[in-house]
Amino acid sequence: MFFVKIYRFFTQHKILFYILLILSSALFFFYGTRVQFEEDLAKLLPSSEKTETDLVFGNLKIKDKIFMEMTGAEPEVLAGYVDELMDSILANDEGIANTLYRLEPDMALNALDFAMMHVPSFVDTGLYARFDSAIAHADETMAQNHDLIMNDESGAITDMITTDPLNLRECLMPDLSSGVGFTLIDGHLFCSDSTVALMFISPSFQTFDSEQGGKLMKHIKRCIGSFKETHPDVEVLMHGNVVRAGDNSRIMKRDTFFTVGISLLIILIVLGICFKSFNITWQHLLPVIYGTFFSLSCMYWLQGGMSLMALGVGAVVLGVALSYCLHIVIHQRCVGSVEQMLKEESLPVCLGCLTTIGAFLGLLFTQSDLLKDFGLFSTFALIGNTLFALIFLPHFLHENETQHNEKIFKGIEKINNYAYDRNPFIIIGLCAVIIVGIIFSGKVQFDNDLQNIGYESDELHKSENLYSEKNNHGGTPQYYAVLASSLDEALDANIILSSRLDSLYKAGEIIAYTPTVSMLFQSQAEQERRIDAWKRYWTPEKVNEAMAAVRKAATAHELSPDIFVPFQAMVEAEYEPGDLYTSEVIPEGLLCNFIEEADGNYLIFNTTQQEKEKMMANSDIIATAPHALVVDPFYYAGNMVTLIQRDFNTTLLISSLFVLLVLILWFKDLVIAVIAFLPMFLSWYVVQGWMAILGWPFNLINIVISTFVFGIGVDYSIFVMQGLIAAQRNEGNQLLENHKIAVFFSAFVLIVVMISMLCATHPTITSIGRSAIIGMVSTIMITYTLQPLLFRWVMKWPYLRNRVENMERKK
Amino acid sequence: MKKLLTIVIAMLTFAASAQKVECHFTETKFIKASGKTIEGEGNLKLTLPDKFELNYTKPAGDYFIINGKTMSINLRGKKSVVDTEKNPAMKAQRNTLMNCISGNWKQAATDNNAETSVTEKGGNKVVTLTAKKAAPRGYSKIVITYRKSDNLPSELVFEEFNGTVTTYKMTNFVKK
Chain A
1 MFFVKIYRFF TQHKILFYIL LILSSALFFF YGTRVQFEED LAKLLPSSEK
51 TETDLVFGNL KIKDKIFMEM TGAEPEVLAG YVDELMDSIL ANDEGIANTL
101 YRLEPDMALN ALDFAMMHVP SFVDTGLYAR FDSAIAHADE TMAQNHDLIM
151 NDESGAITDM ITTDPLNLRE CLMPDLSSGV GFTLIDGHLF CSDSTVALMF
201 ISPSFQTFDS EQGGKLMKHI KRCIGSFKET HPDVEVLMHG NVVRAGDNSR
251 IMKRDTFFTV GISLLIILIV LGICFKSFNI TWQHLLPVIY GTFFSLSCMY
301 WLQGGMSLMA LGVGAVVLGV ALSYCLHIVI HQRCVGSVEQ MLKEESLPVC
351 LGCLTTIGAF LGLLFTQSDL LKDFGLFSTF ALIGNTLFAL IFLPHFLHEN
401 ETQHNEKIFK GIEKINNYAY DRNPFIIIGL CAVIIVGIIF SGKVQFDNDL
451 QNIGYESDEL HKSENLYSEK NNHGGTPQYY AVLASSLDEA LDANIILSSR
501 LDSLYKAGEI IAYTPTVSML FQSQAEQERR IDAWKRYWTP EKVNEAMAAV
551 RKAATAHELS PDIFVPFQAM VEAEYEPGDL YTSEVIPEGL LCNFIEEADG
601 NYLIFNTTQQ EKEKMMANSD IIATAPHALV VDPFYYAGNM VTLIQRDFNT
651 TLLISSLFVL LVLILWFKDL VIAVIAFLPM FLSWYVVQGW MAILGWPFNL
701 INIVISTFVF GIGVDYSIFV MQGLIAAQRN EGNQLLENHK IAVFFSAFVL
751 IVVMISMLCA THPTITSIGR SAIIGMVSTI MITYTLQPLL FRWVMKWPYL
801 RNRVENMERK K
Chain B
812 MKKLLTIVIA MLTFAASAQK VECHFTETKF IKASGKTIEG EGNLKLTLPD
862 KFELNYTKPA GDYFIINGKT MSINLRGKKS VVDTEKNPAM KAQRNTLMNC
912 ISGNWKQAAT DNNAETSVTE KGGNKVVTLT AKKAAPRGYS KIVITYRKSD
962 NLPSELVFEE FNGTVTTYKM TNFVKK
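In the order they appear, the protein sequences are chains A and B. Numbering follows the numbering used here, in which position 801 of the first sequence is assigned residue number 801; successive positions increment by one, without gaps. So the numbering used here is basically just the index in the second sequence, starting at one, shifted up by 811.
These are computed hints drawn from the structure, not numbers from a lab. Treat the hints with care, since some could be wrong.
To be verified - Restraint ranges, calculated between C-beta atoms of paired labels, are given here:
1. B:E850 <-> A:K228: 43 to 53 angstroms
2. B:K952 <-> A:L184: 31 to 41 angstroms
3. A:T761 <-> B:G879: 52 to 62 angstroms
4. A:T555 <-> B:G872: 38 to 48 angstroms
5. A:P540 <-> B:K952: 21 to 31 angstroms
6. A:A156 <-> B:H835: 25 to 35 angstroms
7. B:I849 <-> A:R536: 32 to 42 angstroms
8. B:H835 <-> A:E584: 36 to 46 angstroms
9. A:T125 <-> B:S928: 37 to 47 angstroms
10. A:S204 <-> B:L859: 35 to 45 angstroms
11. A:Q144 <-> B:L859: 39 to 49 angstroms
12. A:S204 <-> B:N924: 41 to 51 angstroms
13. A:R130 <-> B:T921: 38 to 48 angstroms
Stated by the list, open to error - Some chain B residues close to chain A (C-beta under 10 angstroms, calculated; not the full set):
14. L886
15. E926
16. G974
For each residue, glycine too, the CB sits at the ideal point set by N, CA and C.
I would like the entire structure built from these sequences, with the hints used as guidance.
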């Protein structure tokens, strides 16, 4: 009677009603449009695990790097083209932190100079055994030196040889051979076979800043488009997290628009035809729109923003919201009285809303921000929608407006009134489906690879494959990092990480890794240790031994022994530790591949190429090293999936108990409550079992559909149970028939939405559609067949029959 | 004392009157290790206080330019631009060259940890900088011949520790 009283009050105070409606709508629209949307897949990670990973995945530039490849012409030509394209991109460098596509000639000079000033810092103490070997092989080396010197036209090679006649530099080089090499042509970066020119762009924002990412992608694509017009023979490809996020955002928005838009259009046209009035379209739409903005406003007030993916998935909930409107509007059309409709519908709708919210609120118990966002958005959307439908909508419904398409309604009634619960074939078939579902429910697969949730365009896939084929030795790149509050601490920790990588490489567990960082960067303490080791090695005796070997070999190969003064000076010189990181010797675009400073912390990166199958095991080994991190949100997410899954089972249990409790309180009878509870309970097992049989895995997104199945299942069963009880009390079948018509239309609406989702491009939306359709169909069939069958059976029990017949009529 | 005064006067005269000098130069690089000699020639431009150019006519197109703290090199088509502030070795080379060519050889001696000796030969003053200690890089000896009349360098000899000797001879000075 509460909503009837409100209806009567506002009927007498129309101005107040319109003021409240307009003001609240304006308020929710104003704040709802201010919500910031994020597309952070890492938000699926449990919050408690984010202390270090938050920094890594939130602020790192390395993971946000855009990889660009250009191919289709001679290397020298490509080098020129790269300059042309990059010049056009950099003409507007908004959103670009730095680029790397060519190395300036002075870099090599500066690097050599730095190396000469700090030679001992680059010599690992383990390399001195090789120095001994180099001294022992002075004669062979000198023979090569002789040829090089005699062919030297500028004197540059002679300078190098007179400083290092024993080819000690070669002792350092083998460590780099396990790494991934790029070729330099005209100073430009190419893959090792020189067929693909490479460009790297580091954005100045985070991957999941969709607005900035969208702008940058648009700019780069426009530049590539213009470039291709003048160079149609050349192919330009790109990939990377920013590109992927941009594609995801675009496809998610497009799919949401088309699936929801087109299905809504179909639904409204069908409803308009069924009820011979297109007023019904806005009668359904207004509450949904109001509920959506109410929810967005609440999200804004509570947390300022929400996940775009949660909104996309939340679009499904709008189907549930539409279902409540259908119950109200259709029931009003059936009874022809707004007050009677409110008397008969307000409590079932509130109960349905309450139980559905209970199901969605269960998501708040998960540790995933994205699932929490989805749970909150859905809850508020349903509250807003239900309040509008029960407070504002009745004033737009007309008394005695009962027109409908008789032909269609007769057809619907025929379908609804068919005695599914008396057809043994249907009963046996449904039971078989349920039993099979229950048996196989434990075998449902859970897709741990969160990358499968994202959309990947053909161009992006091609770009990734080309890059991998040319640079990754057929493996998949995987970054590892150490994180520490000081550079020295990080560099020391990196020594341990590097040694583990080296062991894995030597054991054949990883295909390749780049030890560049451990070769180039050492902590102050490590450099001092190395300088001490240098001094201990180059004793006067050792210097004499080396110089004697050099002079003897030089004489033997007709070279003047006097020209090697620089070598002796080099080994006898005094050295001090250097700081390559701040020396500006390495350009920023290259340096950020090695070391990055974020929020006062230092991260040092190590790149590896691995077989996908071995990646998890290798990462497990690396992750246990001090300060070590796997620079891949999906690694941690993969580990967390089991936790979330366990979380989710607890959530479902909590939701189920909540719904069952509400049903018991509502019907005041355990048996009736259990029968009403069955459709949602059994349909969950059917969904799991049949997804297992069909080989469709669950993922962290489509599993939330279980809450949706819960919500809608319990709604249908409440309405049908209300009708069954009314019929049992000899109040006629009209209420059951009216409810069944609403359930029919609700199911029609949702199935249309689900089918439209199957046509989506985004894998997440498609996966939701598949699981939801199974859930929907099984829910309806159980509601139409098993629920009345069980009700009929229990009504044979006189005690229960008496209870139901004397049950206070819910109003 | 008289000699020193003459030199100072000559330097002051040069500094005051010739802010810009151009001349022809020949370059001879003798690589002791291989016994090869590489020759070149071209035009030299000096604009005080910090601009110096060697524009080669042989090999044509090559250049070596110091402009402030930047050093630009074109060696057989391989071009590079070096910010000497970021490269101590290049900075040392730039400073040594500029100091030698502009008559500030004492600073060059200090920078190169070298001993100095000054002799007179005909109408020229010959300054020799000899490194006190061998080093992996730099010059073991630098010999600069200044014309006494205007203190302009007529010959520069840079000897490296590996025996490579590069000699520049300047003629046809034009003061602007």
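### Task
May I ask you to test the hint 37 to 47 angstroms on the CB atoms belonging to T125 (chain A) and S928 (chain B)?
holds (44 angstroms)
#### Entry: chain A contact restraint for E926 (chain B) - C-beta distance below 10 angstroms
Status violated, d = 17 angstroms.
### Query
Would you say the C-beta atoms of P540 (chain A) and K952 (chain B) sit inside 21 to 31 angstroms of each other?
Once the Cβ atoms are compared, 26 angstroms apart, the range 21 to 31 angstroms for K952 (chain B) and P540 (chain A) holds.
### Message
31 to 41 angstroms was suggested as the range; check whether the CB atoms of K952 (chain B) and L184 (chain A) agree with it.
### Response
With a Cβ separation near 36 angstroms, K952 (chain B) and L184 (chain A) satisfy 31 to 41 angstroms, so the hint holds.
### Task
Look at the Cβ atoms of T555 (chain A) and G872 (chain B) and judge whether their distance stays inside 38 to 48 angstroms.
Between T555 (chain A) and G872 (chain B), where Cβ atoms are some 40 angstroms apart, the hint holds.
### Query
If you check the beta carbons of E850 (chain B) and K228 (chain A), does the distance land in 43 to 53 angstroms?
holds (49 angstroms)
### Task
Please test the hint of 35 to 45 angstroms on the beta carbon pair from S204 (chain A) and L859 (chain B).
holds (43 angstroms)
### Query
Would you say the C-beta atoms of T761 (chain A) and G879 (chain B) sit inside 52 to 62 angstroms of each other?
Between T761 (chain A) and G879 (chain B), where Cβ atoms are some 57 angstroms apart, the hint holds.
### Query
Per the hint of 32 to 42 angstroms, is the separation of the Cβ atoms of I849 (chain B) and R536 (chain A) within bounds?
holds (41 angstroms)
### L859 (chain B) and Q144 (chain A) - C-beta distance against the hinted 39 to 49 angstroms
holds (46 angstroms)
### Query
Is 25 to 35 angstroms a correct range for the gap between the Cβ atoms of A156 (chain A) and H835 (chain B)?
holds (26 angstroms)
### Query
Between R130 (chain A) and T921 (chain B), does the beta-carbon spacing fit 38 to 48 angstroms?
holds (39 angstroms)
In this structure, only the earlier hint numbered 15 is contradicted, and the remaining ones agree with it.
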